[in-house]
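Undergrad: For the record, the sequence lines run as chains Z and Y.
The first sequence: position 287 = 1077 (our numbering), numbered continuously.
The second sequence: position 114 = 158 (our numbering), numbered continuously.
Treat the hints as calculated values from the structure; they're not laboratory data.
Just so it is clear, the structure is predicted and the values come from calculations on it, not from any experiment.
Even for Gly, the Cβ is constructed at its ideal location relative to N, Cα and C.
Possibly wrong hints are sitting among the right ones.
[To be verified] Among the chain Y residues that face chain Z by a calculated CB cut under 8 Å, a handful are: (1) D105; (2) D109; (3) R150; (4) V152; (5) V166; (6) D169; (7) R174; (8) I181.
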Amino acid sequence: MLKNRSLIDPNDFTREEFREIFDLGHQIIADPAKYSKSCEGKILATLFYEPSTRTRLSFETAMLRLGGQVIGFSEAASSSTAKGESIADTLRTVECYADIAAMRHPKEGAPRLASHYIHMPLINAGDGGHQHPTQTLTDILTIERLRGNVENKTYGFCGDLKFGRTVHSLVKFLSNYEGVKFIFISPEELRVPEYIREEVVRKKGIPFQEVDQMEPYMNQLDFLYMTRVQRERFFNEEDYIRLKDRFILDKEKMSYARPDTYILHPLPRVNEISTEVDDDPRAQYFQQAKNGMYVRMALILKLLGIY
Amino acid sequence: MLEITSIEKGIVIDHITAGYGIQVFNYLNLDKADYNVALICNAYSQKMGKKDIIKINNVIDINYDFLGLIDPNATVNIIEEGKTIKKVKLEVPDRVENIIRCKNPRCVTSVEHYFPHVFHLVDKDKRSYRCEYCDDIVVPYPVK
């Protein structure tokens, strides 16, 4: 039962529970009109302490397309946080008004902390460089629509793997499935954190490589997951400037990839994927964004116990 | 030879890994004790080579989770009328609360301060722990 549960980390739900969400997501894509009044009378609070375009609009659109309503804030400065209110107090107050909440925060673990103080379902919409489980739902729904299932595939992750929360969540999720292999492509300074490499990947015996070049590995991949080097995660601007243009996917690098290698990206993109790649049918990142709305509709319905 | 006399009623924490005695001493606030306390560092041990020992001439509450975290091989002897009446076996705790703090500057614990700091055991042999909030891994007291 997913009713009244919170999604903070990809390991919070079982494979079977995620299956329920994805199945519902596919059904919504097939017939969105059927669900247009499912959340009438329900309110989603979007609590965004950090800027966001896609995730916040995706959550809000998802709720509106389900017939529900939305309240919230889009930056900490416009909430009582600016007056010094704690996360716990803000969430306890919001719980008085809303049925479900999605929360983004720059500090790692903030949604986990908040979930200890409330009873309504809470969704982690990204916490610092830590986790972003609903982006993972988006990624998995996209992978399933392109290739049927997630098993027995090689996934390349490229860019900022240290602070890339979408990578952490997706690796955690995929690690529960048979036959997956990972190739981590990044500068040494931006490799996956120890807790992901040692406690998730190595502990589960998943074959993986950590490399600092793209071209030699492109033809091994079923999916290449590109990420942006995020300026906001660096304490030191010099490090950001030194590392930001290290990996840029362009037409020339795409020529090394197989015809069935798909390119995913959680967006926003800066310059790590050249715009000349956008017209390549293997570039699926904008479709991925659309799938994000559908899978968030499914998640809201499940956590509210409506489906 | 340094001589520390035996105690009548109290606690002896023995076989502490050499070097960690002072941390146990500080955690138990023994520097503020108004009863007899002895911290013995680098005592000879046939088994360990050298070890630290703490003798407390009083009955006090001991947080066994903390002792297990710092050194699961230490032994705690409860003394009455000069004799050991109980030996406590320590274990590496699965979960510790408010004993270690997260050092990750990006962790929510660095800005919000009203809730317990919780860590979960990751690897018993390495004695590594994971922050409940940010998942950062720490080894607060490395095996020596």
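Undergrad: At a threshold of 8 Å, is the proposed contact between V152 (chain Y) and chain Z supported by beta-carbon distances?
TA: Interface hint status for V152 (chain Y): holds (4 Å vs cutoff 8 Å).
Undergrad: Minimum Cβ distance from R150 (chain Y) to chain Z below 8 Å?
TA: Holds: closest Cβ of chain Z sits about 5 Å from R150 (chain Y), inside 8 Å.
Undergrad: Is the shortest C-beta separation between D169 (chain Y) and chain Z less than 8 Å?
TA: Given a least distance of 13 Å, the restraint on D169 (chain Y) is violated.
Undergrad: Would you settle whether the hint for R174 (chain Y) is holds or violated, based on the nearest Cβ-Cβ distance to chain Z being less than 8 Å?
TA: holds (6 Å)
Undergrad: Would you settle whether the hint for D109 (chain Y) is holds or violated, based on the nearest Cβ-Cβ distance to chain Z being less than 8 Å?
TA: Given a least distance of 20 Å, the restraint on D109 (chain Y) is violated.
Undergrad: Would the hint on D105 (chain Y) stand, with a C-beta cut-off of 8 Å toward chain Z?
TA: violated (27 Å)
Undergrad: Using the nearest Cβ pair, does I181 (chain Y) come within less than 8 Å of chain Z?
TA: holds (5 Å)
Undergrad: So, as I understand it, the hint says V166 (chain Y) touches chain Z; can you test that by seeing if any CB pair is closer than 8 Å?
TA: Interface hint status for V166 (chain Y): holds (6 Å vs cutoff 8 Å).
The structure is inconsistent with the numbered hints 1, 2 and 6, although it conforms to all the rest.
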